[in-house]
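With the hints as extra help, turn the sequences into a complete structure.
So the protein lines, in turn, are chains A and B.
Residue numbers are given in this note's numbering: position 412 of the first sequence equals residue 419, and the series is strictly consecutive.
Residue numbers are given in this note's numbering: position 50 of the second sequence equals residue 49, and the series is strictly consecutive.
One should not assume that every hint holds.
Said to hold, decoys possible - Quick list of the computed label-pair ranges, beta carbon to beta carbon:
#, chain 1, residue 1, chain 2, residue 2, range
1, A, Gly753, B, Ala136, 58 to 68 Å
2, B, Leu113, A, Glu649, 55 to 65 Å
3, B, Leu113, A, Ala314, 37 to 47 Å
4, A, Glu652, B, Ala136, 14 to 24 Å
5, B, Leu98, A, Gly155, 48 to 58 Å
6, A, Glu649, B, Ala136, 19 to 29 Å
7, B, Val152, A, Pro440, 19 to 29 Å
8, A, His350, B, Glu92, 55 to 65 Å
9, B, Asp61, A, Glu678, 32 to 42 Å
Hints are computed from structural coordinates only; laboratory data are not their basis.
No residue lacks a Cβ here, since even glycine has one placed at the ideal position from N, Cα and C.
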Amino acid sequence: MAEGEHLGKGHVDRGMPDWRSGYRNAVHDAITNPWGERTPYARAGEWPSRVDAHLEPGTNSDEVERWVPTASILHSNGDGLDIAVQEERMVGVRGRADSRVNRGRLGPKDLFGWQANASPDRLRRPLVRRGGELVETDWDTAMETMVGRSKELLDQQGPSAFGIYTTGQLFLEEYYTLAVIGRAGLRTNHIDGNTRLCTATAAEALKETFACDGQPGSYADVDHCEVLFLVGHNVAETQVTLWARMLDRLEGPDPPKLIVVDPRPTEPSRRADVHLAVRSGTNLALLNAVLHELIATDRVEHDFVEAHTVSYGELEQGVREATPEWAAGVCGVPPEQIREAAHILGSHERILSTCLQGVYQSPQATAAAVQVNNVNLLRGALGKPGAGILQMNGQPTAQNTRECGANGDLPAFRNWANDAHVAELAELWNLEPSTIPHYGPPTHAMQIFRFAEEGSVRFLWISATNPAVSLPDLARIRSILSDERLFVVVQDLFLTETAELADLVLPAATWGEKEGTFTNADRTVHHSDKAVEPPGEARSDLDIMLDYARRMDFRDKDGAPLIKWDDPESAFRAWQACTAGRPCDYTGLSYEKLRAGGETQWPCNERFPDGRERLYTAADFYADPDYCESYGKDLITGTSAEPDEYRALNPEGKAIIKAAEYLPPPEPPGEGYPLRLNTGRTVFHFHTRTKTGRAPQLQEAAPDVWVELSEADAREAEVGEGDTVDVVSPRGRVRAPVRVTGIRPGVVFLPFHYGYWDADGGGDRAANELTITDWDPASKQPLFKTAACRVERVGGATGPAPAPHVGASRGLEEQRAH
Amino acid sequence: MKIDVALRETFDAEVELGAGLSRTGERHKAEQDLFHLTHTLRGWCDVHAQRLVAEAQRFGVDLEVESASPGRDQGLVAQTHEKGSEFVGQRAEPALLLLRDLRELHLAAARASLAWTALAQGAQAISDSDLLSTVSACHPETVRTMRWTVQRVKDVSPQAFAS
Numbered sequence: 008m009a010e011g012e013h014l015g016k017g018h019v020d021r022g023m024p025d026w027r028s029g030y031r032n033a034v035h036d037a038i039t040n041p042w043g044e045r046t047p048y049a050r051a052g053e054w055p056s057r058v059d060a061h062l063e064p065g066t067n068s069d070e071v072e073r074w075v076p077t078a079s080i081l082h083s084n085g086d087g088l089d090i091a092v093q094e095e096r097m098v099g100v101r102g103r104a105d106s107r108v109n110r111g112r113l114g115p116k117d118l119f120g121w122q123a124n125a126s127p128d129r130l131r132r133p134l135v136r137r138g139g140e141l142v143e144t145d146w147d148t149a150m151e152t153m154v155g156r157s158k159e160l161l162d163q164q165g166p167s168a169f170g171i172y173t174t175g176q177l178f179l180e181e182y183y184t185l186a187v188i189g190r191a192g193l194r195t196n197h198i199d200g201n202t203r204l205c206t207a208t209a210a211e212a213l214k215e216t217f218a219c220d221g222q223p224g225s226y227a228d229v230d231h232c233e234v235l236f237l238v239g240h241n242v243a244e245t246q247v248t249l250w251a252r253m254l255d256r257l258e259g260p261d262p263p264k265l266i267v268v269d270p271r272p273t274e275p276s277r278r279a280d281v282h283l284a285v286r287s288g289t290n291l292a293l294l295n296a297v298l299h300e301l302i303a304t305d306r307v308e309h310d311f312v313e314a315h316t317v318s319y320g321e322l323e324q325g326v327r328e329a330t331p332e333w334a335a336g337v338c339g340v341p342p343e344q345i346r347e348a349a350h351i352l353g354s355h356e357r358i359l360s361t362c363l364q365g366v367y368q369s370p371q372a373t374a375a376a377v378q379v380n381n382v383n384l385l386r387g388a389l390g391k392p393g394a395g396i397l398q399m400n401g402q403p404t405a406q407n408t409r410e411c412g413a414n415g416d417l418p419a420f421r422n423w424a425n426d427a428h429v430a431e432l433a434e435l436w437n438l439e440p441s442t443i444p445h446y447g448p449p450t451h452a453m454q455i456f457r458f459a460e461e462g463s464v465r466f467l468w469i470s471a472t473n474p475a476v477s478l479p480d481l482a483r484i485r486s487i488l489s490d491e492r493l494f495v496v497v498q499d500l501f502l503t504e505t506a507e508l509a510d511l512v513l514p515a516a517t518w519g520e521k522e523g524t525f526t527n528a529d530r531t532v533h534h535s536d537k538a539v540e541p542p543g544e545a546r547s548d549l550d551i552m553l554d555y556a557r558r559m560d561f562r563d564k565d566g567a568p569l570i571k572w573d574d575p576e577s578a579f580r581a582w583q584a585c586t587a588g589r590p591c592d593y594t595g596l597s598y599e600k601l602r603a604g605g606e607t608q609w610p611c612n613e614r615f616p617d618g619r620e621r622l623y624t625a626a627d628f629y630a631d632p633d634y635c636e637s638y639g640k641d642l643i644t645g646t647s648a649e650p651d652e653y654r655a656l657n658p659e660g661k662a663i664i665k666a667a668e669y670l671p672p673p674e675p676p677g678e679g680y681p682l683r684l685n686t687g688r689t690v691f692h693f694h695t696r697t698k699t700g701r702a703p704q705l706q707e708a709a710p711d712v713w714v715e716l717s718e719a720d721a722r723e724a725e726v727g728e729g730d731t732v733d734v735v736s737p738r739g740r741v742r743a744p745v746r747v748t749g750i751r752p753g754v755v756f757l758p759f760h761y762g763y764w765d766a767d768g769g770g771d772r773a774a775n776e777l778t779i780t781d782w783d784p785a786s787k788q789p790l791f792k793t794a795a796c797r798v799e800r801v802g803g804a805t806g807p808a809p810a811p812h813v814g815a816s817r818g819l820e821e822q823r824a825h
Numbered sequence: 000m001k002i003d004v005a006l007r008e009t010f011d012a013e014v015e016l017g018a019g020l021s022r023t024g025e026r027h028k029a030e031q032d033l034f035h036l037t038h039t040l041r042g043w044c045d046v047h048a049q050r051l052v053a054e055a056q057r058f059g060v061d062l063e064v065e066s067a068s069p070g071r072d073q074g075l076v077a078q079t080h081e082k083g084s085e086f087v088g089q090r091a092e093p094a095l096l097l098l099r100d101l102r103e104l105h106l107a108a109a110r111a112s113l114a115w116t117a118l119a120q121g122a123q124a125i126s127d128s129d130l131l132s133t134v135s136a137c138h139p140e141t142v143r144t145m146r147w148t149v150q151r152v153k154d155v156s157p158q159a160f161a162s
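Have a look at this one:
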């Protein structure tokens with residue numbers, strides 16, 4: 008293992024670190040104990056700082072020429088950090104002790120992931136497909152190819168030929184520019200992000216309950232809560248420093264009660280007071296039973312419900328039959344455990360509830376996430392320190408994709424069904440309202456790919472994402488991307504599996520090589536400065552977009568250029584103007600302020616000059632019919648409510664309590680496929696490993712795919728640790744060595760990170776070869792956590808499975824020894 | 000008393016709606032979310048039909064439950080439809096066919112909804128609270144199905160006609 012200089016974990020310092028003390032080789036530390044040493048604190052106390060850092064071998068901290076402030080880009084937590092620069096190269100990172108998010112801590116992906124920036128296989132020049140091969144070309148040729156095809160299709164078919172599929176990993180300025188290009192330049196309704204796969208349900212659940220997106224809670228609620236309710240949220244591996252904060256509360260005086268819903272044995276579940284290891288795909292049944300129990304034992308804060316919500320009666324009726332005994336049969340957990348969870352929730356006020364992919368990527372995603380909101384509403388646990396809701400994000404800048412209108416919504420949480428909101432945008436962009444498509448909900452990603460499949464979308468512009476590995480049912484996705492009728496533009500850092508299928512590949516600069524801002528899952532806005540130059544001819548995504556807009560010659564209604572900005576800061580100012588008066592109000596911010604004072608939570612405006620820690624502190628929702636982002640949907644059919652219907656339901660703009668009945672998953676286990684497939688992530692990798700697979704320490708910690716089986720299912724398949732199996736679904740097969748863990752019997756887990764760019768051969772390593780094409784009717788988020796499968800023994804072990812030894816994939820033997 | 004007429008009309012309409020949902024799902028299997036959702040909505044129709052059979056028995060009427068068995072029709076014809084729909088999944092004309100099928104579904108749902116309305120009126124006139132509670136439980140679901148067909152038409156038509 009590399010001998011890097013690393014400020015020791017457990018170094019506790021309230022100010023900036025003393026770079027002369029506390030060094031040790033902690034590379035090993037961050038891999039074997041990603042959460043580091045404990046710094047316990049009491050309820051309502053201040054979370055102590057602890058600065059983590061990693062510098063490349065041979066570098067001393069006193070030789071670092073510049074520390075460039077930014078935040079983490081390999082998860083959604085938004086940890087404040089500095090990039091170390093020496094001789095115009097990135098040489099390391101250190102956490103920022105003054106960050107409200109992480110107080111100096113960093114997880115393994117942040118400590119090591121930055122090394123990918125300097126990978127020798129970065130794309131340096133544009134590539135264009137000639138005679139079936141991708142060949143290098145210059146920027147002018149590349150952009151003219153893109154613009155030529157665009158103009159041709161605009162003439163032949165019009166806006167409906169264009170699809171834009173972006174990401175949760177660019178900067179705010181880029182999403183906003185892309186949204187304006189798409190909605191007002193090309194005038195297509197087909198714009199979405201891969202945020203559809205990670206955060207669409209978070210947004211939709213907030214829109215269903217509060218009629219508007221916007222994270223109600225704050226990470227600081229961890230400091231104050233009496234109960235932590237983690238639903239399908241393996242926080243230890245998705246948000247390392249947030250789990251460190253929770254652990255520090257758990258090990259301090261007056262710790263919170265911990266309730267965990269997860270079919271896998273996770274770090275949080277090992278600490279839980281109640282671990283509800285439900286069958287994959289049954290969250291809604293469980294949550295309905297919890298609500299049933301809260302109502303049956305009258306643990307409802309009736310004054311709060313009466314004053315601040317509508318439709319409580321619908322829930323009361325909807326969960327009447329959902330007894331713990333009924334749910335126990337569906338979910339496979341004892342009814343006493345459900346009662347115990349409800350009892351804990353019912354006997355405390357300061358409840359912090361969180362959800363992530365275990366909810367969002369499962370069937371009935373929105374319906375289940377909404378029931379978590381309902382738990383807090385019934386308890387009146389909202390808008391107070393320690394009493395809140397965190398509907399999490401999966402990616403670092405997903406919040407901005409949502410805000411900026413690049414994720415199936417109009418910019419700044421405007422309501423596509425409200426003509427007055429569209430008129431505001433038209434005025435801002437100096438266009439006729441009729442030229443901004445708003446005849447229906449913006450097209451979601453899965454539908455864009457469906458349109459491409461049927462041949463009506465013929466131009467697909469993909470930025471910073473890798474659908475050839477990350478979308479469900481990959482054989483289908485590869486066939487769509489390879490279809491000659493579809494012109495595919497891919498803008499990325501590397502020749503990803505998706506880029507290999509493209510007609511045009513544009514080399515992009517990334518984090519640390521460009522300037523911009525981004526916002527984390529608790530509304531904290533960070534400014535991220537440029538530290539080093541991008542490799543070769545790579546250009547920032549913003550520059551590429553602005554160049555495209557210029558060459559396309561998009562105009563406003565007076566003939567002036569549609570895009571009136573030309574660099575990150577002017578793009579930020581344009582975005583601020585777009586947010587004025589909206590819930591995500593950025594008008595009180597500036598690059599100068601963000602640089603000087605660091606991070607700030609939105610809304611930041613005249614009323615909240617330093618930002619607002621919690622929304623809805625006075626039940627002041629954004630749900631007024633004239634102001635709200637959404638009128639809501641039927642959680643089963645996805646039908647949008649009509650404006651008048653919403654006005655009648657919620658004239659005073661209160662929170663909405665929505666119920667939904669449990670439905671069996673679309674592909675239940677059965678003959679030939681007796682097991683439930685669950686896909687997910689590890690603490691050491693992000694997404695399709697485009698970056699983390701190129702960071703040696705991370706790659707070594709989780710080098711290849713594995714499959715997790717319970718002891719019972721392993722016995723049934725006659726396999727043990729390290730044996731190779733095929734996991735087979737009706738759509739394909741994945742070959743992987745077995746890790747036997749404490750996962751609940753009947754559920755099989757595959758990490759989704761592994762594609763083919765560094766594999767021998769192809770076609771049997773990506774978990775999404777197996778997943779089903781279906782999505783939540785309300786949020787349109789695809790289902791990654793339920794499909795029927797079976798396990799077939801292929802061969803014996805040559806060693807243990809290449810699975811990490813920490814977190815949910817820790818083996819049963821290791822767990823017993825622990 | 001002719002409440003049996005209203006029961007039979009509602010029953011027939013729900014059975015027809017259920018069959019239409021399954022047929023549409025199978026014909027448009029490439030629209031995979033539609034395929035799965037029609038299965039769910041078909042399940043509602045089946046439950047409605049079963050409840051109507053039970054209600055009708057109280058009035059000495061025997062309604063045929065030939066189509067009301069839960070689950071998808073896996074007959075040869077259905078499978079042929081599914082294969083055919085996979086084959087045409089890469090062509091654009093299916094969008095126009097889908098619009099046609101959604102219109103038929105909408106009309107079937109409207110017919111069923113109207114039948115429930117009439118049945119509810121009848122149930123009130125004969126002061127049959129059990130029957131009325133069956134209507135109250137089932138009719139809203141039929142209305143949701145009907146509204147979904149409108150939503151789907153709104154979603155499908157822009158691309159179908161503009162491309």
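We went through each hint and held it up to the structure:
1. A:Gly753 with B:Ala136: 58 to 68 Å: Check failed, 33 Å falls outside 58 to 68 Å.
2. B:Leu113 with A:Glu649: 55 to 65 Å: Given about 20 Å between the Cβ atoms, the range is violated.
3. B:Leu113 with A:Ala314: 37 to 47 Å: 40 Å, holds
4. A:Glu652 with B:Ala136: 14 to 24 Å: 21 Å, holds
5. B:Leu98 with A:Gly155: 48 to 58 Å: The hint (48 to 58 Å, Cβ to Cβ) is violated, given that leucine 98 of chain B and glycine 155 of chain A are roughly 33 Å apart.
6. A:Glu649 with B:Ala136: 19 to 29 Å: Roughly 24 Å apart at Cβ, these two residues keep to the hinted range, so it holds.
7. B:Val152 with A:Pro440: 19 to 29 Å: 23 Å, holds
8. A:His350 with B:Glu92: 55 to 65 Å: Roughly 58 Å apart at Cβ, these two residues keep to the hinted range, so it holds.
9. B:Asp61 with A:Glu678: 32 to 42 Å: Because 34 Å falls inside the window, the suggested range holds.
In this structure, the hints that do not hold are numbers 1, 2 and 5, in rising order.
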